[in-house]
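*Asks:* Could you slot chain D onto chain V? The hints should help.
Taken in sequence, the protein lines are chains V and D. Each residue of the first sequence is one higher than the one before, starting from 1 at the first, in the working numbering. Each residue of the second sequence is one higher than the one before, starting from 1 at the first, in the working numbering.
I should point out that these hints are in silico values taken from the structure, not numbers from a laboratory. Note that the Cβ used here is the ideal one computed from N, Cα and C, for glycine as well. Check each hint, because a few of them may be wrong.
[As the list claims (entries may be wrong)] Example chain D residues on the side facing chain V (calculated, C-beta under 10 Å, incomplete):
(1) ASP66
(2) GLU205
(3) LEU231
(4) PRO240
(5) ARG456
Number of protein chains: 2
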Amino acid sequence: MFESAELGHRINKAVYDTEVPPLRVALLDAQFDLAQSATFPVIILIGGVDGAGKGETVNLLNEWMDPRFIQVHAMGTPTDEERERPSMWRYWRALPPKGKVGVFFGSWYTAPIIQRVLGKSKASQLAQSIERINHFEKMLTAEGALIIKFWFHLSKEVQKKRLKSLEKNPKTRWRVTDTDWEHFHLYDKFRKVSEHTLRETSTAEAPWTVVEGTDAYYRGLTVGKILLEALRKRLDLPPPQPHLNVAPLQAPLDRLDVFDKLDMSQKLAKKTFDSALEKYQGKLNLLMRDPKFSKISLIAVFEGSDAGGKGGAIRRITAALDARHYQIIPVAAPTDEERAQPYLWRFWRHIPRKGGVTIFDRSWYGRVLVERVEKFCPEQDWMRAYSEINDFEEQLVVNNAVVVKFWLAITQDEQLRRFKARKEIGFKRFKITDDDWRNRDKWDEYEHAVCDMVDRTSTDIAPWVLVEGNDKNFARIKILKTLCQRVEAALKKQK
Amino acid sequence: MFESAELGHRINKAVYDTEVPPLRVALLDAQFDLAQSATFPVIILIGGVDGAGKGETVNLLNEWMDPRFIQVHAMGTPTDEERERPSMWRYWRALPPKGKVGVFFGSWYTAPIIQRVLGKSKASQLAQSIERINHFEKMLTAEGALIIKFWFHLSKEVQKKRLKSLEKNPKTRWRVTDTDWEHFHLYDKFRKVSEHTLRETSTAEAPWTVVEGTDAYYRGLTVGKILLEALRKRLDLPPPQPHLNVAPLQAPLDRLDVFDKLDMSQKLAKKTFDSALEKYQGKLNLLMRDPKFSKISLIAVFEGSDAGGKGGAIRRITAALDARHYQIIPVAAPTDEERAQPYLWRFWRHIPRKGGVTIFDRSWYGRVLVERVEKFCPEQDWMRAYSEINDFEEQLVVNNAVVVKFWLAITQDEQLRRFKARKEIGFKRFKITDDDWRNRDKWDEYEHAVCDMVDRTSTDIAPWVLVEGNDKNFARIKILKTLCQRVEAALKKQK
Numbered sequence: 001m002f003e004s005a006e007l008g009h010r011i012n013k014a015v016y017d018t019e020v021p022p023l024r025v026a027l028l029d030a031q032f033d034l035a036q037s038a039t040f041p042v043i044i045l046i047g048g049v050d051g052a053g054k055g056e057t058v059n060l061l062n063e064w065m066d067p068r069f070i071q072v073h074a075m076g077t078p079t080d081e082e083r084e085r086p087s088m089w090r091y092w093r094a095l096p097p098k099g100k101v102g103v104f105f106g107s108w109y110t111a112p113i114i115q116r117v118l119g120k121s122k123a124s125q126l127a128q129s130i131e132r133i134n135h136f137e138k139m140l141t142a143e144g145a146l147i148i149k150f151w152f153h154l155s156k157e158v159q160k161k162r163l164k165s166l167e168k169n170p171k172t173r174w175r176v177t178d179t180d181w182e183h184f185h186l187y188d189k190f191r192k193v194s195e196h197t198l199r200e201t202s203t204a205e206a207p208w209t210v211v212e213g214t215d216a217y218y219r220g221l222t223v224g225k226i227l228l229e230a231l232r233k234r235l236d237l238p239p240p241q242p243h244l245n246v247a248p249l250q251a252p253l254d255r256l257d258v259f260d261k262l263d264m265s266q267k268l269a270k271k272t273f274d275s276a277l278e279k280y281q282g283k284l285n286l287l288m289r290d291p292k293f294s295k296i297s298l299i300a301v302f303e304g305s306d307a308g309g310k311g312g313a314i315r316r317i318t319a320a321l322d323a324r325h326y327q328i329i330p331v332a333a334p335t336d337e338e339r340a341q342p343y344l345w346r347f348w349r350h351i352p353r354k355g356g357v358t359i360f361d362r363s364w365y366g367r368v369l370v371e372r373v374e375k376f377c378p379e380q381d382w383m384r385a386y387s388e389i390n391d392f393e394e395q396l397v398v399n400n401a402v403v404v405k406f407w408l409a410i411t412q413d414e415q416l417r418r419f420k421a422r423k424e425i426g427f428k429r430f431k432i433t434d435d436d437w438r439n440r441d442k443w444d445e446y447e448h449a450v451c452d453m454v455d456r457t458s459t460d461i462a463p464w465v466l467v468e469g470n471d472k473n474f475a476r477i478k479i480l481k482t483l484c485q486r487v488e489a490a491l492k493k494q495k
Numbered sequence: 001m002f003e004s005a006e007l008g009h010r011i012n013k014a015v016y017d018t019e020v021p022p023l024r025v026a027l028l029d030a031q032f033d034l035a036q037s038a039t040f041p042v043i044i045l046i047g048g049v050d051g052a053g054k055g056e057t058v059n060l061l062n063e064w065m066d067p068r069f070i071q072v073h074a075m076g077t078p079t080d081e082e083r084e085r086p087s088m089w090r091y092w093r094a095l096p097p098k099g100k101v102g103v104f105f106g107s108w109y110t111a112p113i114i115q116r117v118l119g120k121s122k123a124s125q126l127a128q129s130i131e132r133i134n135h136f137e138k139m140l141t142a143e144g145a146l147i148i149k150f151w152f153h154l155s156k157e158v159q160k161k162r163l164k165s166l167e168k169n170p171k172t173r174w175r176v177t178d179t180d181w182e183h184f185h186l187y188d189k190f191r192k193v194s195e196h197t198l199r200e201t202s203t204a205e206a207p208w209t210v211v212e213g214t215d216a217y218y219r220g221l222t223v224g225k226i227l228l229e230a231l232r233k234r235l236d237l238p239p240p241q242p243h244l245n246v247a248p249l250q251a252p253l254d255r256l257d258v259f260d261k262l263d264m265s266q267k268l269a270k271k272t273f274d275s276a277l278e279k280y281q282g283k284l285n286l287l288m289r290d291p292k293f294s295k296i297s298l299i300a301v302f303e304g305s306d307a308g309g310k311g312g313a314i315r316r317i318t319a320a321l322d323a324r325h326y327q328i329i330p331v332a333a334p335t336d337e338e339r340a341q342p343y344l345w346r347f348w349r350h351i352p353r354k355g356g357v358t359i360f361d362r363s364w365y366g367r368v369l370v371e372r373v374e375k376f377c378p379e380q381d382w383m384r385a386y387s388e389i390n391d392f393e394e395q396l397v398v399n400n401a402v403v404v405k406f407w408l409a410i411t412q413d414e415q416l417r418r419f420k421a422r423k424e425i426g427f428k429r430f431k432i433t434d435d436d437w438r439n440r441d442k443w444d445e446y447e448h449a450v451c452d453m454v455d456r457t458s459t460d461i462a463p464w465v466l467v468e469g470n471d472k473n474f475a476r477i478k479i480l481k482t483l484c485q486r487v488e489a490a491l492k493k494q495k
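One chain only, chain V, in its complex shape:
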């Protein structure tokens, strides 16, 4: 991909000086329209060889664009905050919201390429990273993002000359670091690995543009014009029509599903419950205090029927935990800030560090439950969510998180009983709303959605646990016990 960027492209100063002022006006106009419409975010990636003008280009963009709507993220060595989470966390955190431009100076491409060049990762690991990147960018595009990827290139000869001349000049000497020279000696390997990576990630929706970095005028004008073209085309494009080829998922003909196999009559007597509660809360508390727990994290997801008993079960867990170590994230309608991001963003932001516990009271599964049933998003969006969610959870588990997902199931009769009780008990009245009654009318649709969810997202590494919830005592102990088992197993794997 680099042949065309080793030809010695240049633009003379006169052309540059004539073309830049109208270009800047047009870019500001486009940026203003973007901010006004706020219908999509713009993600600009800046990568390439050292000394090819990456930094200068970022400065140029900052100079040309309205600083209120552009944010540059220079991604260097990860902070400890970042190191203790999946590698993509830092990028999720920095994603621009709709209407804004995010410039990534150093991006999700940097580590996979550098690791491979330095011989610190295998070809198969690079392949895996490439696949993850393709999934990530595909998801971003599907969520509406405009992704523009620039790679700045210099031929080996030109790079050498440039580094030398920068070094000679006392004013610019500071810009050449040892790392630059180290990278230069790895030039051929770097060229090969990055060419491969660029080609495998140059898709129709997010193609790479390779820019020769030798001449600052050529480089700057090229980036500016491509950016303008991309913004203008996208701003003028009508929104895509939802279009999914395939037929809707269908419920089994005989209406038999996984819930029919649950023994909903299971109960635990008060006395057994009390001693079991003490036992498992104590055990959980001990497990959390195991020094090896600092190497893992726990993410517990609670989903279930309305009035299924999520809150009560969560309180039985947190009673066993140290308040400094856990966070409960109640998930309701997204905030404005969250709505301006891909739907998984609001969950990524709450991923715990190593040693932490996060309990989600409802979760990312809303996408394939309420959003599906209530038609809050088009079919194609929740259909792609199954694999996006599997990807997401895989990243958590790879980063040593224990992901435990509970579905609290109750029967329709039991739900009715609880709804009525809530209406009558003063302090519980706030817990029952018209929404609950409306959802109840869609029982079958929800059940169908839940079964599809279990079928498509119960994985080896993050299986669903169906909890028979008619008896609260039984449910609470099953949950505590499962948590203890899963955490214990994870600790055993740690050295």
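*Replies:* This is chain D only, laid out in the frame that chain V set:
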């Protein structure tokens, strides 16, 4: 993904008998509409555990549907024709054209899953196969295909009972083979590997449906209904609007491109040419007769400007070859049969066996050259072609093909001279058409497309060779020499 298919789903005979007749009528109607409109092909995949009714379901489909428009491909052990080509070749060969239904009984999923279960492949190889499959199905969907994937499942217990009872009955004993029992003993591994594979390949556009295979009525009716839903939804769907987020690829601002670096004045005197021709033709002939050539194949691609000298260069190669070993494929407008298939289909069909040579006089690159410039296909289609083509060539190379791609470049002046000469020389007059003159007017657009092509598809494993073609002698020797070098290098790698 299998929990819901281990519940003992069944339908009673009375329901089945009532529902099947109208279902059959509706299926035939849908199939008729499909054949009439002939706007998309339908690809049905049948996979799953042994004894879960795969074969019976295929028979049922054959019985229910109009045999003129449905074709079943039972993919067993590959033939030697198939073994000597990339593993996907046999599936490409069998793809149904628009308007028809192709049923794959055993598919591109079979070998990757079985190999992994038997421990004959590594996890990373399975991951690679899964990625290839996802690319393949994405391409099929983008080309318009409707893909419906059924996986037939039985719980371990049920499968055991079933195999035993089939064995007991003398009438059905023949249906249980040793392989079936072998597979049964690997049940748990098979379940795990196939669950993983299904989940990773269950996309929004081509999701899997898992069907419990225990009860023939349930199984048959489920498949029939899902098939009908899928056909009806797709037939009633308006065609998708072309929609590509990104701006068109842009030519370099300074108009400098890879062709500017070619020394077009290079020449070879008649005498030097004659001896070089003899030398390299002789060498090529020897290389082809090397016994190790039976382990590789040669695919030479010729693209170039009109009147660039492709035909003459090809004749200088074939003069060195044994007529039994090579095939020349001149690529012009596609036939009706080819138009009813994904655009790569007509090239896949001509992939040589091991030991064979195929010369493409123009090629799959038409997609990103003439089809792009003349707007024969929407932007998003040729934009995705770059990576589809890279995928395709990678499969060829992995299968030991030497892929050599020549671009025959001539200057605009030289082209004019040749056009005029063709008009005047009687036997060459047929070689010049109005099209040639029209294309000449779009010289710049074609050059831009060629540069993008070189940038995006010149890979380590299949690089583009730019040939300075103003002097025919020079060009012909460069081509012959390159072929010799590439084949020689490939032979050296063979043991």
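*Asks:* Please go over all the hints and tell whether each is borne out by the structure.
*Replies:* Taking the hints in turn, this is what the structure says about them:
{"no.": "1", "hint": "ASP66", "in the structure": "21 Å, violated"}
{"no.": "2", "hint": "GLU205", "in the structure": "6 Å, holds"}
{"no.": "3", "hint": "LEU231", "in the structure": "8 Å, holds"}
{"no.": "4", "hint": "PRO240", "in the structure": "5 Å, holds"}
{"no.": "5", "hint": "ARG456", "in the structure": "6 Å, holds"}
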